[in-house]
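Peer 1: Taken in sequence, the protein lines are chains W and A. According to the numbering used here, the first sequence is numbered sequentially starting from 706. According to the numbering used here, the second sequence is numbered sequentially starting from 10.
Quick caveat, the hints were computed from the structure, so don't treat them as lab data. Check each hint, because a few of them may be wrong.
Calculated lysine-lysine pairs in the DSS-like style (CA-CA distance at most 27 Å, straight line) [to be verified]: (1) 881(W) / 899(W); (2) 720(W) / 79(A); (3) 25(A) / 720(W); (4) 100(A) / 54(A).
To be clear about the criterion: a stretch of chain A counts as covered by chain W if any three or more of its residues have a C-beta under 8 Å from a C-beta of chain W, and this derived list gives those stretches [claimed, not checked]: (5) 28-39; (6) 70-80.
For glycine and all other residues, C-beta sits at the position ideal for the given N, C-alpha and C.
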Amino acid sequence: MIKLALADDQRLFRKGLLMLLRDMSGARVVLECVNGEELLQGLKETAVDIVLLDLEMPVMDGVETMHRLREEHPDVKVIVLSSHEGENVIKHLMELGANGFMQKNAEPDEIDTAIRSVADTGYYFSDKVSNAMLHGLVKGKKVKPTFEDIDPLSERELEVLRGICQERTTAEIAGKLFVSPRTVEFHRNNLLLKTGARNSAGLVVYAMANGHYIPL
Amino acid sequence: MSLRSTDLTILSNLFKGDRALVTEWIALYLEEAPGYFQRVEDALKADDAKAMTFAVHELRPQAHYLGASKLLELLALIGGTADDQGARACKGPVEELLELARRIETELREDRAT
Numbered sequence: 706m707i708k709l710a711l712a713d714d715q716r717l718f719r720k721g722l723l724m725l726l727r728d729m730s731g732a733r734v735v736l737e738c739v740n741g742e743e744l745l746q747g748l749k750e751t752a753v754d755i756v757l758l759d760l761e762m763p764v765m766d767g768v769e770t771m772h773r774l775r776e777e778h779p780d781v782k783v784i785v786l787s788s789h790e791g792e793n794v795i796k797h798l799m800e801l802g803a804n805g806f807m808q809k810n811a812e813p814d815e816i817d818t819a820i821r822s823v824a825d826t827g828y829y830f831s832d833k834v835s836n837a838m839l840h841g842l843v844k845g846k847k848v849k850p851t852f853e854d855i856d857p858l859s860e861r862e863l864e865v866l867r868g869i870c871q872e873r874t875t876a877e878i879a880g881k882l883f884v885s886p887r888t889v890e891f892h893r894n895n896l897l898l899k900t901g902a903r904n905s906a907g908l909v910v911y912a913m914a915n916g917h918y919i920p921l
Numbered sequence: 010m011s012l013r014s015t016d017l018t019i020l021s022n023l024f025k026g027d028r029a030l031v032t033e034w035i036a037l038y039l040e041e042a043p044g045y046f047q048r049v050e051d052a053l054k055a056d057d058a059k060a061m062t063f064a065v066h067e068l069r070p071q072a073h074y075l076g077a078s079k080l081l082e083l084l085a086l087i088g089g090t091a092d093d094q095g096a097r098a099c100k101g102p103v104e105e106l107l108e109l110a111r112r113i114e115t116e117l118r119e120d121r122a123t
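So here's chain W without its partners, still in its complex pose (with noise of 0.2 Å):
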């Protein structure tokens, strides 16, 4: 069962999605809340596998509650929703470590979508955020250099950075390179560390920015 955390101060927004959210299954809302603060509050208590985010709250905004869940709860991961659909303001929530974004006038088959993915692969991608990553590399915007320089990748390691780009499960990967899955976790790790990326979202975002894999 994937244990959501709402953080809205909207209570209509939040009521609308929790009603939403009652008929997915496999997933239930645990945890909800008005800002950020009240959200670090419940995680004292409350396990919660995904949090879905809102980014203006008051007391605690979306950007300063994900600095903090980052470092006192990096486990949790963090879906953020907004009525923002600006490249920048994607851009830097994908460098803030979000696992994925989600305009919040999405359709249910999007949000039941981007929780199965962020909670099986650890991010989720709409086409929205990967035009926006896309179109800032083209237009040679600045991609947050997370990225130091690094060991060469080895030929393991990349597909395994390309299983991860198309949204493929650590099984998936493990299916397809006739491996376990444990070592392809093995991997990850060893790609985490060579890019610096803290996520999921940073190592498909250095990928692009590097040219190992282009979305269709």
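Since the structure of chain W is already known, use the hints to place chain A on it.
Peer 2: Just chain A now, with coordinates in the frame of chain W:
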């Protein structure tokens, strides 16, 4: 025959045809929406472009769920105008928005009554 300002098929599809959920959401909207529109009006009075942009951004998902295309258009217009020219430049569209909001509210209440 007057044209509707909302298209509730979107909401119905969102909740997979569950009429109880649609009714529940509409009740919530009728309770909460006046506050959102009030914030737009307050931002106009205070000549606060940032507050206005924020307020219209917050309304967009609800406008989408209601299938209120005219409402969505006005919200986009107001957001863009507030960003470019300041809140006072949005006076006309905001007045139109508030009038539309009242029509939507009436429409939804009439739907509930039938």
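Peer 1: Hints first: check each against the structure and report whether it holds.
Peer 2: Hints, verified against the model:
1. 881(W) / 899(W): Answer holds: residue 881(W) to residue 899(W) is near 23 Å, not above 27 Å.
2. 720(W) / 79(A): 24 Å, holds
3. 25(A) / 720(W): Holds, at roughly 16 Å.
4. 100(A) / 54(A): Holds - the C-alpha atoms of residue 54(A) and residue 100(A) are around 9 Å apart, at most 27 Å.
5. 28-39: holds (count 5)
6. 70-80: holds (count 4)
No hint from the list above goes unmet by this structure.
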